[in-house]
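Visitor: Those protein sequences? They're chains A and B, same order as listed. Quick note: the first sequence uses our numbering, first residue 1, plus one each step. Quick note: the second sequence uses our numbering, first residue 1001, plus one each step.
Among these hints, one or two may not hold up.
Unchecked claim - Sample of chain B residues facing chain A (criterion: CB under 10 Å; computed from the structure): (1) 1009; (2) 1010; (3) 1017; (4) 1019; (5) 1020; (6) 1024; (7) 1025; (8) 1054; (9) 1055; (10) 1079; (11) 1081; (12) 1103; (13) 1106.
Everything labelled a hint here was simulated from the structure, so no lab data went into it. It should be emphasised that the depicted structure is a prediction, and the values quoted were computed from it without experimental measurement. Where is the CB? At the ideal position from N, CA and C, for every residue including glycine.
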Amino acid sequence: MHIVAPEDKSEQEKLLREKGLSFFGAIAASVSHELNNVNSIIEQTAGLLGDLLAGAELGRPIKEEQLQRVRDRIEKQTHRGTRIIKRMNTFAHSVDYPIAEIEMNALIENIISLCKRLANLKKVELEAEMQSDPLSINSSPFLIQQALFLVMRNYFISDLAGETISVVLEPDKEGIVIIIETAAAEEVEIEDLDYIKLVLNQIQGNISNQSNSEKTRIMLKFPDLSH
Amino acid sequence: MANILLIDDEEEFTEVLSARMETRGFNVDVASSGEEGIDKAKAKSYDAVILDMAMPGMDGMETLKHLLNIRPGLQIIMLTGHATVNKGVEAVKLGAADFLEKPAEINLLVEKIKQAQEKTEILFEQQLDKKLSDIMKKKGW
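Work the whole structure out from these sequences, hints included.
Guide: Structural data, given as structure tokens:
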């Protein structure tokens, strides 16, 4: 949906609050869905254990490997659940401070992990290419994630099934750049560009479209606000 | 023994659920995508299909439409997440037999499958009656 950013400052703030909450909700909904899948597997596995015990009461002995498989499955799914909860917890705390010192590798890796399910639903692979050294800037973690999410969402809703979207983090003389790229030459239309620009304006960031006939490439720039 | 097709992209979920259903006397085939489920439904007749709503690529709703197109009257039970219950209602309006919220309780699922199986038998009998009636009319008996 195309949103025209209002000129009035208080209207802009209202829109930022509403759309910020909507972004938070989209991530929370996706995470809760994924946790529900984890829970479903654990519940069915507990049920399977119940079936085995009921069978044992009727004289069908439980084999050791059956119990081992049940144990392995529960362990695997609880680890999966723990990873999802940690990611969500990190994301939830990103609203604690409007401006903070951010380690960008960790921030981008986390939001990419949270968005993988949404990409996967559109049969799109999402991969992150981070820096080997820590890369920190002062900025708004929440707004950076929101801007990145809004750009990626346009890739997800374009017909890119089977393609890989690479999110590359690079240092820049003023801060950092994030490049969102896919080898597909299909046009990715940034529907809510006005609103993305409004988000970026809050933290002096900018967006540029560097797509050509061979690839789609959008670059987001975020300056270090401590400079 | 009822033939069931279970379509869900969560492979561990289908693995455990199908094992539990088999111990309850069902023959269960598994598909990990809508496309695979459609191929299996084209090749074999099922008493009921259990279909997850949220899947990569072709989602549950789209798969439901294709399945009903190739097999009108097929009994399809949708599995929904909390947020997709409204979609479950929408699916029933489109022709799904029923829907269940995940995590699905096995006894409830078995009950719904049995109801679906009964509907399949009634539909089969109705079709058979219609065919016989058409033949009798045609032959003037």
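Visitor: Among the hints numbered above, which are violated by the structure, and what are their numbers in rising order?
Guide: The structure breaks only hint 7.
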